[in-house]
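S.K.: Based on these hints, arrange chain D on the given structure of chain A.
The residues making up each chain are set out below.
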Amino acid sequence: MSATAPTGSECKVQAINFSFSYAYGETKALHSLNLAIRPGSLLTIMGPTGSGKTTFLRALNRLNDRVAGTGHTGQLLLDGKDVYGQEVDVAELRRRVGMVFALPTPLPLSIYENVAYGPRKKGIRSRAKLDTIVEKALKTAVIFEEVKDRLHSSAQRLSGGQQQRLALARVLAVDPEVILLDEPTSGLDPLSTLRIEETLRQLRSDFTIVLVTHDPLQAARIKSDVAFFYLGELVEIGPATEIFTRPQDRRTEDYITGKFG
Amino acid sequence: MRNKEKLVEILLTLIGLSSVTVLGLIILFIFKEGLPAFAQVGLWQFVTGTRWSPGKNLLGILPMIAGSFVVTAGALVVGLPLGLGCAIYLSEFATAKTAAILKPTIELLAGIPSVVFGFIGLTLMVPFIRNFFGGPGFSVLASALVLGIMILPTMVSVSYDALRAVPPVYREGMLALGSTDWQAVKMVVLPAARPGILAAAILAMGRAIGETMAVIMVAGNSTIIPTSFLDPVRTLTSNIALEMGYATGLHRQALFATGVVLFVIISILNLTARVVVRGKTR
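Protein chains in written order, with our numbering: chain A, 1 to 261; chain D, 1 to 282.
Honestly, the hints are just simulated from the structure, not real lab data. There could be a bad hint or two in this list.
Below, simulated BS3-like cross-link-like pairs (lysine-lysine); rule was C-alpha separation at most 25 Å, straight line [stated by the list, open to error]:
1) K97(D) to K121(A)
2) K186(D) to K122(A)
3) K81(A) to K129(A)
4) K121(A) to K136(A)
5) K28(A) to K97(D)
6) K81(A) to K136(A)
In isolation and in its complexed conformation, chain A is listed as follows (with noise of 0.2 Å):
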């Protein structure tokens, strides 16, 4: 537990007794979820389906505001402010906290310009400073070698695995602090999804990142630490090592196992 149970200053990420409900409580996804994640480092969440994974990801950059009926107890921290806090401005919040989707969505316009959009939306103009960002952005998303010759074609006849990470640029682009991925891989072939693997294992130390699967195979590929949500609660965190060779947990070796989920 050590390795990822950092304290006070230390986290990028903490959730302090974070409880979450939708349906106006009647349905509650997550149960007193005490986490923490260090700046700089990558967190693999895995669990069944219903487990509160997607629900903790959608909290953390706000995106479970747009339900209604939901409702939050305890605390949800990023640098030790409460996301949920009267003072947060909640699009500034998502460009700190960036979100990649299991659907890639790209924008009905060029690849350059589902880059640059981020960018523009902070107020940089210069034609210069945005293809510097553009294309900062998608080499490091692994990408830049692929579309180099065709910026300016519509990124939607990209394939998927292209756009996935295309998704990924755009959200480097920001410039986020913490970049939450959300099944990335699910629609992707086996071969897109080593290189998305790959692409995060080289992003893991200039970002905080949280990657959400249901699949316990690529959190132990990934080998990152790894948090096993089920049924709303955390039931156990650790080092990908530890997790998968020796569970604490009855429920975590049954998973890892392929027993249920």
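M.R.: Okay, now just chain D, sitting in the frame of chain A:
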């Protein structure tokens, strides 16, 4: 058992075909009744003639063709932005509760008989236009306003469905980048829903061009080509409805021929619109 299955299948096929058959018979009938007028007046003469005076055997329906076009276009200018705006509000900004009240209310508009719309136009809009803008009040403007409101339910509910059909993740992708709701709608949701919105516009246009009663009551119905929005106007449908009651001989055939022209125009519009929609969907 097997035989019963077969019987039901045949029965349903017949029922399915019957609606197509009815359409076929209608087309056959109006063409049969209308074609002699084309033969006698001359097709070109009929559709480009600017005088409609059945008593003197002057049978040109260009004023009515122009009237139908101008009134329909006016209705779309009024109804499309209103309807689309309403659909965007309902689908993207209203709370579930508000939408649950507003949407059925708007759909209720579709259930109001057109003669009631015409009556309201006649007693409110026509005097208003006469007093504030001049002219007789019975005008292109009055017809466009009445029709614009009448096409709202079609426009709203079809484009609302199109907007709702856009996967939520499209919006969320934008919001996650720090966009506002409106930016997400403008950049992603509207482009994604465009085919459906176009379909809504087509249906609305069909409704506008075909509407008869409400238009007769507020349009003034004089057979001249309107040169201003305040001029009275007669549409193709009005022309048929107004004169069919007493027409005989060539006059009667000419009214059926008006129907043929209307039918052809609507078919062409529908076809073009379908091609456009399909082109956008791919």
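S.K.: None of the hints should be skipped; say for each whether it holds.
M.R.: Evaluated hints:
Simply put, K97(D) and K121(A) have alpha-carbon atoms about 32 Å apart, too far for the 25 Å limit, and the pair is violated. The hinted pair formed by K186(D) and K122(A) meets the criterion: a straight-line CA distance of about 18 Å does not exceed 25 Å. With a C-alpha separation of about 31 Å, the suggested pairing of K81(A) with K129(A) is violated against the 25 Å cut-off. The straight-line distance between the Cα atoms of K121(A) and K136(A) is roughly 18 Å, inside the 25 Å bound, and the hint therefore holds.
The hinted pair formed by K28(A) and K97(D) meets the criterion: a straight-line CA distance of about 23 Å does not exceed 25 Å. Restraint check: the Cα-Cα separation between K81(A) and K136(A) comes to about 30 Å, which exceeds 25 Å; the hinted pair is violated.
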